[in-house]
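Residue numbers (my numbering), protein chains in the order written: chain A, 1 to 203; chain B, 1 to 201; chain C, 1 to 179.
Don't read these hints as lab results, they were simulated from the structure.
Everything hinted at is true.
DSBU-like, lysine-lysine: derived pairs with alpha carbons at most 35 Å apart: (1) A/Lys-92 <-> A/Lys-32; (2) A/Lys-144 <-> A/Lys-92; (3) B/Lys-189 <-> C/Lys-105; (4) C/Lys-176 <-> B/Lys-193; (5) C/Lys-113 <-> B/Lys-193; (6) B/Lys-193 <-> A/Lys-3.
Here are a few chain C residues that face chain B, going by a calculated C-beta distance under 7 Å: (7) Pro-16; (8) Ala-34; (9) Gly-88; (10) Arg-102.
Computed Cβ-Cβ distance ranges for the label pairs, DEER-style: (11) C/Lys-104 <-> B/Lys-193: 24 to 32 Å; (12) A/Lys-72 <-> B/Leu-153: 32 to 40 Å; (13) A/Trp-38 <-> B/Gly-74: 20 to 28 Å; (14) C/Arg-107 <-> B/Thr-11: 37 to 45 Å; (15) C/Tyr-79 <-> A/Pro-33: 44 to 52 Å; (16) C/Ser-76 <-> A/Lys-72: 54 to 62 Å.
The C-beta atom is built at its ideal place from N, Cα and C for all residues, glycine as well.
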Amino acid sequence: MNKNYLFLAILMILLAAGLLLVPERQNYQQIKPEKLMWDITQTSRFVTVDQVAQMIIEGDPTLELIDIRPAKDFEAFSLTNAINIPLDSLMKPDYQDYFGIEDMNVVFYGNSDIKADQAWVISKRMGYNSIYVMQGGLNCWIRKIIQPVEPEESASQEEFDLYQFRKGACAFFTGTKVEAPDAGKTGIKVVKRKKGTAVAGGC
Amino acid sequence: MGPLIPQEIITGQWDFVIALLIGGAFGFILEASGFSSSRNIAGVFYGYNFVVLRVFFTAMIVAMVGLLYFSYFGWIDLDLVFVLPTYLNSMLFGGFLMGLGFVIGGFCPGTSYTAVAIGKIDGIVFATGFLIGVFLFAEGFPFYEDFYTANDLGNITIGEMFGISNEWIAFLFVVVAIVAFYVTWLIEKRVRKNMTEYKFE
Amino acid sequence: MDTKIVKKQQPKYINPYFGGILLGLLLLAAFFIAGRGLSASGAVKLLVVTVVDKVAPAHAEGNAYYSKFIPADGSSPLYNWLIFGAIGTFFGGMLSGAIFGRLKKLRVEHSPKISARTRLIAAGAGGILFGIGSQFGRGCSSGAALSGTASLSFGGLIVMALMFGIGYVFAWFFRKLWI
Numbered sequence: 001m002n003k004n005y006l007f008l009a010i011l012m013i014l015l016a017a018g019l020l021l022v023p024e025r026q027n028y029q030q031i032k033p034e035k036l037m038w039d040i041t042q043t044s045r046f047v048t049v050d051q052v053a054q055m056i057i058e059g060d061p062t063l064e065l066i067d068i069r070p071a072k073d074f075e076a077f078s079l080t081n082a083i084n085i086p087l088d089s090l091m092k093p094d095y096q097d098y099f100g101i102e103d104m105n106v107v108f109y110g111n112s113d114i115k116a117d118q119a120w121v122i123s124k125r126m127g128y129n130s131i132y133v134m135q136g137g138l139n140c141w142i143r144k145i146i147q148p149v150e151p152e153e154s155a156s157q158e159e160f161d162l163y164q165f166r167k168g169a170c171a172f173f174t175g176t177k178v179e180a181p182d183a184g185k186t187g188i189k190v191v192k193r194k195k196g197t198a199v200a201g202g203c
Numbered sequence: 001m002g003p004l005i006p007q008e009i010i011t012g013q014w015d016f017v018i019a020l021l022i023g024g025a026f027g028f029i030l031e032a033s034g035f036s037s038s039r040n041i042a043g044v045f046y047g048y049n050f051v052v053l054r055v056f057f058t059a060m061i062v063a064m065v066g067l068l069y070f071s072y073f074g075w076i077d078l079d080l081v082f083v084l085p086t087y088l089n090s091m092l093f094g095g096f097l098m099g100l101g102f103v104i105g106g107f108c109p110g111t112s113y114t115a116v117a118i119g120k121i122d123g124i125v126f127a128t129g130f131l132i133g134v135f136l137f138a139e140g141f142p143f144y145e146d147f148y149t150a151n152d153l154g155n156i157t158i159g160e161m162f163g164i165s166n167e168w169i170a171f172l173f174v175v176v177a178i179v180a181f182y183v184t185w186l187i188e189k190r191v192r193k194n195m196t197e198y199k200f201e
Numbered sequence: 001m002d003t004k005i006v007k008k009q010q011p012k013y014i015n016p017y018f019g020g021i022l023l024g025l026l027l028l029a030a031f032f033i034a035g036r037g038l039s040a041s042g043a044v045k046l047l048v049v050t051v052v053d054k055v056a057p058a059h060a061e062g063n064a065y066y067s068k069f070i071p072a073d074g075s076s077p078l079y080n081w082l083i084f085g086a087i088g089t090f091f092g093g094m095l096s097g098a099i100f101g102r103l104k105k106l107r108v109e110h111s112p113k114i115s116a117r118t119r120l121i122a123a124g125a126g127g128i129l130f131g132i133g134s135q136f137g138r139g140c141s142s143g144a145a146l147s148g149t150a151s152l153s154f155g156g157l158i159v160m161a162l163m164f165g166i167g168y169v170f171a172w173f174f175r176k177l178w179i
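Could you build the full structure based on these sequences and the hints that come with them?
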């Protein structure tokens, strides 16, 4: 038996054995703690309910609303075209395809801020960007959009404009709701991120 | 870093030039190793020439181990690499037919191209037969379309199928390969001693 | 290797293990550059699709299998990685044949115990079987078995195992063709 072959064979086995000994690949690109700290303190990670209402009315295709409440609450009431991912299932592999889609802005909302904030931190840790929280959650939504409060006489023009907008938005949302219990699909489909934008491959 | 083309690091224009080059190297290596001769290829089934096993198995373990190492070093993103999807029923049947075709025809498509290139008529006939076979399949496709797509397990890897990590699978393959090389070396010596009329092309 | 062979000009082949290492590295390069392995059968399939599409386009569109490979933008199905790979394979083989002195006149290679005609019939039959089988198997020995298994596809493993397994099972019946 040629010495060379023996040498090669041993080399090959060592290489393969080496594979077993190296640590597991990281699946997520972990965000650095400093970056996370910085991002947390940015107020730009919040969007107001007015902004969300605006985006829905305009049919903004980059909006991806994620409702992190339990499925029961989602079915009872939810925002137009929102997807339901209960907070405790956020890291499940099935749902990962909703994140990391180019140009899409993910907005978390819950009844209030707390759960949505937690979702935000978790997704930032998983390395996703373009993640936002709807400030005040659904409670704020109901208070401002659905039951807008008329500003006092002495309030500024801006506040009146805002009020007009909210009244309009209210009509848009509650009106649509009456006609189509499906929460008025404006035809924006949230597309799951395609696995492997890669090759078609094969023979 | 890799794979380069799917991530547009190399633009689509180069796509086909690279295909030509890779194909060229493929054909060269095949022919140089002796795969342009059907008798060399069929030898693996009868024990007088194990070149198929040697080249095939070596290439497979080198590529397998290499891929896993590349992935570990972050040089390649395995999610973007094409993994052949598994259609259980269809593939079992296909493998069966191909096994028969292999032992009767003594070629496979890639090697038949090299045989044609050096002037082997049986290579040409094989390639033509292959073409006819593909045509027949496509014509009859409506009849077995369901069978064709039955049992789609998706892009499942061997490790996922058996619940073992892919690194172990690679290691197993290497060990099996080395053992196979040794055993076939012994077998080949024995068989050739008894085949006095075996002559090379 | 000393074996009792009829003293003839021994064809020069490279060491199979060396060839295997080269092939493995090539496969790795293919994965790295293009994200896919080697394949030979795909080119023939595309050729068939192109011809049928030219001759009977309505039939091609109607058939579920052909239509998959006819690009929507009207370009030829031949404008594909697989075709160029196959062309490359052909010329690569030719180059190697030229270098190693195997580029000779047209000939049929067959076992001395059978006639050339038998060999050709067997080659044709084998080719047809392989053609049908490769479509079921989503690839051939290089595409499905080699590249597939190298990328750790379970399907690739199945195809490879069956291809060689069945070959061994039926080898005895066809031994007259070879030994």
